[in-house]
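In terms of our numbering, the sequence shown is residues 782 to 987.
These are computed hints drawn from the structure, not numbers from a lab. All the given hints hold, so there is nothing to weed out.
25 Å max Cα-Cα, derived DMTMM-like pairs, lysine to aspartate or glutamate:
no., residue 1, residue 2
1, Lys833, Glu846
2, Lys982, Glu874
3, Lys833, Glu797
4, Lys819, Asp862
5, Lys906, Glu885
6, Lys959, Asp898
7, Lys891, Glu935
8, Lys859, Asp828
9, Lys819, Glu846
10, Lys910, Glu980
11, Lys852, Glu800
12, Lys959, Glu980
Cβ pair distances, simulated, as ranges:
no., residue 1, residue 2, range
13, Met817, Glu872, 23 to 29 Å
14, Lys852, Arg925, 49 to 55 Å
15, Asp836, Asp931, 48 to 54 Å
16, Glu885, Pro848, 34 to 40 Å
17, Thr919, Leu814, 31 to 37 Å
18, Arg914, Leu975, 20 to 26 Å
19, Lys932, Lys852, 38 to 44 Å
20, Arg914, Lys833, 46 to 52 Å
21, Ser973, His801, 43 to 49 Å
22, Gly908, Tyr802, 38 to 44 Å
23, Pro848, Ser973, 48 to 54 Å
24, Asp839, Val930, 48 to 54 Å
25, Pro944, Gly815, 38 to 44 Å
26, His801, Glu943, 45 to 51 Å
The structure presented is a predicted model; accordingly, all values stated were derived computationally and were not measured. We put the CB at the ideal spot given by N, CA and C, even for glycine.
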Amino acid sequence: MDSSHVALVALLLRSEGFEHYRCDRNMSMGMNLGNMSKMLRCAGNDDIITIKADDGSDTVTFMFESPTQDKISDFEMKLMDIDSEHLGIPEAEYQSIVTMPSAEFARICKDLSGIGDTVVISVTKEGVKFSTRGDIGTANIVCRQNTTVDKPEEATVINMSEPVSLTFALRYMNSFTKATTLSNTVTISLSSELPVVVEYKIAEMG
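Whenever a hint applies, use it, and build me the whole structure from the sequences.
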């Protein structure tokens with residue numbers, strides 16, 4: 782969660798996606814993302830990464846092993862105290878759910894941020910419209926439902942129980958689109974009474 786408590790990122794990596802996964806009991810570990818990023822930058826592109834922690838410990842260990850096993854590095858990082866009960870995305874029913882190519886969504890957010898600071902996402906039976914307004918003018922981009930494509934990941938699918946129109950800060954949307962490389966598609970869930978959810982599926986892992 783960001784410091785202003787506006788945006789929350791949740792990442793789920795399923796156990797079956799790992800070569801080896803062991804968890805004797807449920808654990809909650811608070812990590813500083815900036816510090817963890819510094820640790821992970823020390824790994825090579827082809828290194829095997831092992832993350833391990835003992836129950837009750839105040840540290841977590843990152844171990845990097847080269848493919849030829851001629852180099853092994855381990856780093857220990859201090860954990861943080863975080864109230865995990867207030868983190869997480871609750872299950873909810875959304876008025877509109879849009880699934881579209883993730884690269885297209887990233888391009889739309891990038892293009893609109895050159896004109897305005899906010900984006901209005903409106904979903905109707907005609908399609909999903911992204912709009913912004915700024916000092917130099919206005920912009921509107923409409924994506925209509927399109928399922929007649931050669932590849933499923935190129936489709937735009939709209940599931941709507943009722944129309945919705947909501948406004949969001951483009952700086953947050955552009956931050957979310959940094960996950961574009963993780964998935965060919967993005968799912969945007971919208972409801973007038975709930976925060977927007979921008980979801981990227983990571984193949985079989987999460």
